[in-house]
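Here are the chains, one letter per residue:
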Amino acid sequence: MRWFRIVRLRLRSLLQRDRLETQLRQELDFHIAEQTAEFIAQGMAEPAAALAARRLFGSAAVHAESCRDARRTRWAEDLFADLRYAARRLAASPAFTLAAVATLALGAGANLAFFSAAWAVLIRPLPYPEPDRLVQVETGIAGVGPVLSLRELSSAADYAGYLPDTEVTVQLAGEALRLPAAAATANLLRVLGVAPAQGRWFRPSEEHAGQHRVVVLSHRAWRERFAADPHILGRILSLDEEPFTIIGVMPAGYAFPSAATELWFPIRVNPANRGYMWGGQNLQALGRLRPGLALAAAQAELRPIADRIRPQFPWRMPDAWGTSSAAVPYRDVRVRDARPKLLALAAASLLLLLIACANVANLLVAQGIRRGREFTIREAIGAGRGRLFRQLAAENLLLAALGAAAALLAALLLLRLLPLVLPELPPGAGPGLDPYAASAVCLALFGIFALLTFLPIRRGPTHRSLRLTTGLTALQLALATALLIGAGLMTRTLSQLANVDAGVQANSVLTASVTAGPSRCGTPARCGAFVREMSAALAAIPGVKSVNWANGIPLVPEIRAMTVDMEDHPRAPEAPAYALWHSIVTPGYFAALGIPLRAGRLFTEADHAGAEPVAIISESTARRFWPNRSALGKRIRPVSGRADRVVVGVVADVAQYSLTGFPSWVDGAQYLPLEQVMPGSAQAVDFSLLLEGNGLSAGMWQAALRRQFPDVAIAHVATIREVRDASVADRRSTAWLLALLSALGLLLGTVGVYGVLQQRAAQRSKEIGIRLALGAGPGRIAAAVLREALWVSLAGAAAGIAAALGLARILESLLYGVSTSDPVAFFVAPGLLVLTALLAALVPGLRAARLDPVQTLRAE
Amino acid sequence: MSKPSDLIQGTLDLLILKTVSLEPVHGWAIAKRIQQMSNEVLQVQQGSLYPALHRLEQQGWIEAATRETESGRVARFYSLTPDGKKQLEKELGQWQRLSAAVGLVVNQA
Numbered sequence: 002m003r004w005f006r007i008v009r010l011r012l013r014s015l016l017q018r019d020r021l022e023t024q025l026r027q028e029l030d031f032h033i034a035e036q037t038a039e040f041i042a043q044g045m046a047e048p049a050a051a052l053a054a055r056r057l058f059g060s061a062a063v064h065a066e067s068c069r070d071a072r073r074t075r076w077a078e079d080l081f082a083d084l085r086y087a088a089r090r091l092a093a094s095p096a097f098t099l100a101a102v103a104t105l106a107l108g109a110g111a112n113l114a115f116f117s118a119a120w121a122v123l124i125r126p127l128p129y130p131e132p133d134r135l136v137q138v139e140t141g142i143a144g145v146g147p148v149l150s151l152r153e154l155s156s157a158a159d160y161a162g163y164l165p166d167t168e169v170t171v172q173l174a175g176e177a178l179r180l181p182a183a184a185a186t187a188n189l190l191r192v193l194g195v196a197p198a199q200g201r202w203f204r205p206s207e208e209h210a211g212q213h214r215v216v217v218l219s220h221r222a223w224r225e226r227f228a229a230d231p232h233i234l235g236r237i238l239s240l241d242e243e244p245f246t247i248i249g250v251m252p253a254g255y256a257f258p259s260a261a262t263e264l265w266f267p268i269r270v271n272p273a274n275r276g277y278m279w280g281g282q283n284l285q286a287l288g289r290l291r292p293g294l295a296l297a298a299a300q301a302e303l304r305p306i307a308d309r310i311r312p313q314f315p316w317r318m319p320d321a322w323g324t325s326s327a328a329v330p331y332r333d334v335r336v337r338d339a340r341p342k343l344l345a346l347a348a349a350s351l352l353l354l355l356i357a358c359a360n361v362a363n364l365l366v367a368q369g370i371r372r373g374r375e376f377t378i379r380e381a382i383g384a385g386r387g388r389l390f391r392q393l394a395a396e397n398l399l400l401a402a403l404g405a406a407a408a409l410l411a412a413l414l415l416l417r418l419l420p421l422v423l424p425e426l427p428p429g430a431g432p433g434l435d436p437y438a439a440s441a442v443c444l445a446l447f448g449i450f451a452l453l454t455f456l457p458i459r460r461g462p463t464h465r466s467l468r469l470t471t472g473l474t475a476l477q478l479a480l481a482t483a484l485l486i487g488a489g490l491m492t493r494t495l496s497q498l499a500n501v502d503a504g505v506q507a508n509s510v511l512t513a514s515v516t517a518g519p520s521r522c523g524t525p526a527r528c529g530a531f532v533r534e535m536s537a538a539l540a541a542i543p544g545v546k547s548v549n550w551a552n553g554i555p556l557v558p559e560i561r562a563m564t565v566d567m568e569d570h571p572r573a574p575e576a577p578a579y580a581l582w583h584s585i586v587t588p589g590y591f592a593a594l595g596i597p598l599r600a601g602r603l604f605t606e607a608d609h610a611g612a613e614p615v616a617i618i619s620e621s622t623a624r625r626f627w628p629n630r631s632a633l634g635k636r637i638r639p640v641s642g643r644a645d646r647v648v649v650g651v652v653a654d655v656a657q658y659s660l661t662g663f664p665s666w667v668d669g670a671q672y673l674p675l676e677q678v679m680p681g682s683a684q685a686v687d688f689s690l691l692l693e694g695n696g697l698s699a700g701m702w703q704a705a706l707r708r709q710f711p712d713v714a715i716a717h718v719a720t721i722r723e724v725r726d727a728s729v730a731d732r733r734s735t736a737w738l739l740a741l742l743s744a745l746g747l748l749l750g751t752v753g754v755y756g757v758l759q760q761r762a763a764q765r766s767k768e769i770g771i772r773l774a775l776g777a778g779p780g781r782i783a784a785a786v787l788r789e790a791l792w793v794s795l796a797g798a799a800a801g802i803a804a805a806l807g808l809a810r811i812l813e814s815l816l817y818g819v820s821t822s823d824p825v826a827f828f829v830a831p832g833l834l835v836l837t838a839l840l841a842a843l844v845p846g847l848r849a850a851r852l853d854p855v856q857t858l859r860a861e
Numbered sequence: 013m014s015k016p017s018d019l020i021q022g023t024l025d026l027l028i029l030k031t032v033s034l035e036p037v038h039g040w041a042i043a044k045r046i047q048q049m050s051n052e053v054l055q056v057q058q059g060s061l062y063p064a065l066h067r068l069e070q071q072g073w074i075e076a077a078t079r080e081t082e083s084g085r086v087a088r089f090y091s092l093t094p095d096g097k098k099q100l101e102k103e104l105g106q107w108q109r110l111s112a113a114v115g116l117v118v119n120q121a
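Residue numbers (the numbering used here), protein chains in the order written: chain B, 2 to 861; chain U, 13 to 121.
Just so you know, not all the hints are guaranteed correct.
[Said to hold, decoys possible] Pair by pair, the computed Cβ-Cβ distance ranges are:
#1 A42(B) to S111(U): 46 to 56 Å
#2 R374(B) to K98(U): 54 to 64 Å
#3 R79(U) to R56(B): 25 to 35 Å
#4 P94(U) to R13(B): 11 to 21 Å
#5 D19(B) to P94(U): 28 to 38 Å
#6 V8(B) to K98(U): 14 to 24 Å
#7 V117(U) to M45(B): 38 to 48 Å
#8 V117(U) to R13(B): 39 to 49 Å
#9 E380(B) to V53(U): 42 to 52 Å
#10 V117(U) to R374(B): 38 to 48 Å
No lab work stands behind these hints, which were simulated from the structure alone.
Cβ atoms here follow ideal geometry from the backbone N, Cα and C, with glycine treated the same way.
Pulled out of the complex, with its shape left as it was, chain B reads as follows (with noise of 0.2 Å):
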């Protein structure tokens, strides 16, 4: 009871002071009336009398004011006093507190904003349970049997397959669309420890060939494609014009294997399928480690079981297979292409927010030796220094609070915009601001800010500060050389890329993905009848100067390669057998896309399903194979025991996979005829279209297919040159956001310079006068200055290179064509800033050759 008292006598003390100063003073004057009363009573006159009684009592003043502190409630209100004071001080100065404030709004902000990013992509754990005890198999054991096999045999993991990138027909609302879905094991629920929103998830009976026909939608897919129809369950969908019952929703969160997958379906097991359970589906094994056993364990049984899953094989594998497999937390495998580059970012923001703390630091000092004066004097007149140092203390904090508020918007717009240069980030929602990161920043800024409380700030201009303030600016010099060279290794890499040649002139040319289901493409025959009923439709279209077909677009990443035996290269019969990369192209493929003849021929019409099987190499596949001697006439023989091809034609280079090149498994380049190994197939084909024509509008031609066609799915329209810049975005929004974050760096910086510098001259100003009057020129004054800048800078750059080195290695993956200590950008970069800091010195050197010697020695 007693604490509750007190609770309330103290929360009075603060809110009704008011009305307690009125008390204090009734009761004070009551007993001086009283104690005069009684004087006069004593005998005493009036006016004795009262005087009597006060020096009774003696000062008022004072025993008011231990009153006051007998409330303990002083340092609130001296508290609130302080912020009250701190508040008209920044108002006063409205350029230190804008820059001071704009600075931890960027540095703090932006830190924030990558931080909250990076947590969101690397750290979030995964929304499943034990996510730790995920992993996933690379490098070896694949494919619909395989995986199967290893979910059999495994006794450290409970094994799934799923089948990730895959894309399915859906027909809907008299439309193709085009979806992306995965095929799956019947116990990847199981493995990942969810269960369905709705209905239920497939049988392990479903997982065979006939009774496969069922589909579990997303939670999106089931809001947006079928408006959240509640009777959803049973609904009859066609895929790839198969009919599938829904027979499940997943909960909202649910994404995988990504967040944009909308349908999955059970993988279909046919041992008579001999392709499909052991050769091209790329099945994955997903797996949860068995309790009790760690990764080492999984890591362990992967050998000795790829040794059993070898002889499985219809044909006879090598004996190199599976032995690289490789357990890998499946964390890992989520965030490895997105790793580089957040980090890189995280650790260049961090670097801002160094810059923008030494940046506010350097003005608080600079302010601290504008106000000696006043700190002076009011020690002089009795402020404690415990009380001036809680002022500074109010001050400092109350523009920490206002810097945190400052970046915490900053962060927020900043998070709005990332999703447009990151597309890596967890699509939909995006990240939110991260609480503890924003807590950590703001705890951050207040913590440094309570420290820079204790800089020497009441001695007025001492060399300490000058020493600190120089250091300071140093250190933001060195930060922004590190930012500057981690933007110029960046736009480094893009103009190298930007100058590799891909191979390809036509920038113009639209390419489309378009997908034919079974009642088209089932047999060669009728699949070559559609392509040229098609080419035909798009043909009559008016602007269309050329319609050709390939089974992928040049600088997608999409892995097209098959094995072959090359002629005058024998190898002995366990060694792997040359991998090479396959495009299917129809004949005007090469004039379309500006791929200039070296050698022999082009396809024409004549190579066709019953003329001798032909392909084409690219010229540095020749020069491989049969260097000094025509490749034309050699012979290529598939792997898989389809009959030879001769080589007729050698064509330029072309960056088929990405502009830096092939994997590096593959050891060359071939085209086929299409009408040669035209595709049939029991499930949907995927060709990509290339349009060449003069002002097509794209809603146009399509629209004339969809009337025509309209169980085709028609997808990914873009033209080569959107491709080609898409394929190295990932590249480009990192140099922007470095560029972006080394300008802020160094602006920041140069900011720093010309303050210090500014600072500089003006306390020299004594010796500067005199050193005029004794006749030094303008110019030597100025020289002096822009020494100080260049040796303050030149050490800053010194500093900064050595850190870029650092930077440079979490940038390596992203580099191209420029090594980490590429002199280019390691030279121009600090040579950029030494220029700089010299440019923002000019103004401080001017000044200081433009003073008056007998006004500056009068002031004196």
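Model the placement of chain U on the given structure of chain B, informed by the hints.
Chain U only, in chain B's frame:
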């Protein structure tokens, strides 16, 4: 009239608590009563009474109420809280032990 003895450190609180425990009284009356009851030996420095009163109030031992006096003026009357009663007993016990001990030492000497 000899010079009144200075109050021993800390005894002012005890005297105030004791005084207000009898009936609600205002500051001037507390000072007067301490003086009278101690046969004019103990004299409270009038001004320093008030910080002590406010401190005791803030500690929750006594509470104040504003009322009119017989003379028609408004004054603050202090009275003991239940917690203050316990505190008074505690301090009385301490005081008695202390004065007994001091008495023992002084008498033996």
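Tested hints:
1. Under the hint 46 to 56 Å, the C-beta atoms of A42(B) and S111(U), about 36 Å apart, miss the expected range.
2. In this structure the supplied range 54 to 64 Å holds for R374(B) paired with K98(U), their Cβ-Cβ distance being about 56 Å.
3. Against the hinted window of 25 to 35 Å, the Cβ-Cβ separation of R79(U) and R56(B) comes to about 28 Å, which satisfies the hint.
4. For P94(U) paired with R13(B), a C-beta distance near 20 Å keeps the hint of 11 to 21 Å intact.
5. Distance hint check: the CB atoms of D19(B) and P94(U) are about 30 Å apart, consistent with the given range 28 to 38 Å.
6. With their beta carbons about 19 Å apart, V8(B) and K98(U) fall inside the hinted range of 14 to 24 Å.
7. Here the CB-CB span from V117(U) to M45(B) is close to 45 Å, well matched to the stated 38 to 48 Å.
8. The hint said 39 to 49 Å for the Cβ distance between V117(U) and R13(B), and at roughly 45 Å that hint holds.
9. For E380(B) and V53(U), the hinted distance range of 42 to 52 Å is satisfied, since their beta carbons lie about 46 Å from each other.
10. Distance hint check for V117(U) and R374(B): the Cβ-Cβ separation is about 60 Å, which falls outside the suggested range of 38 to 48 Å.
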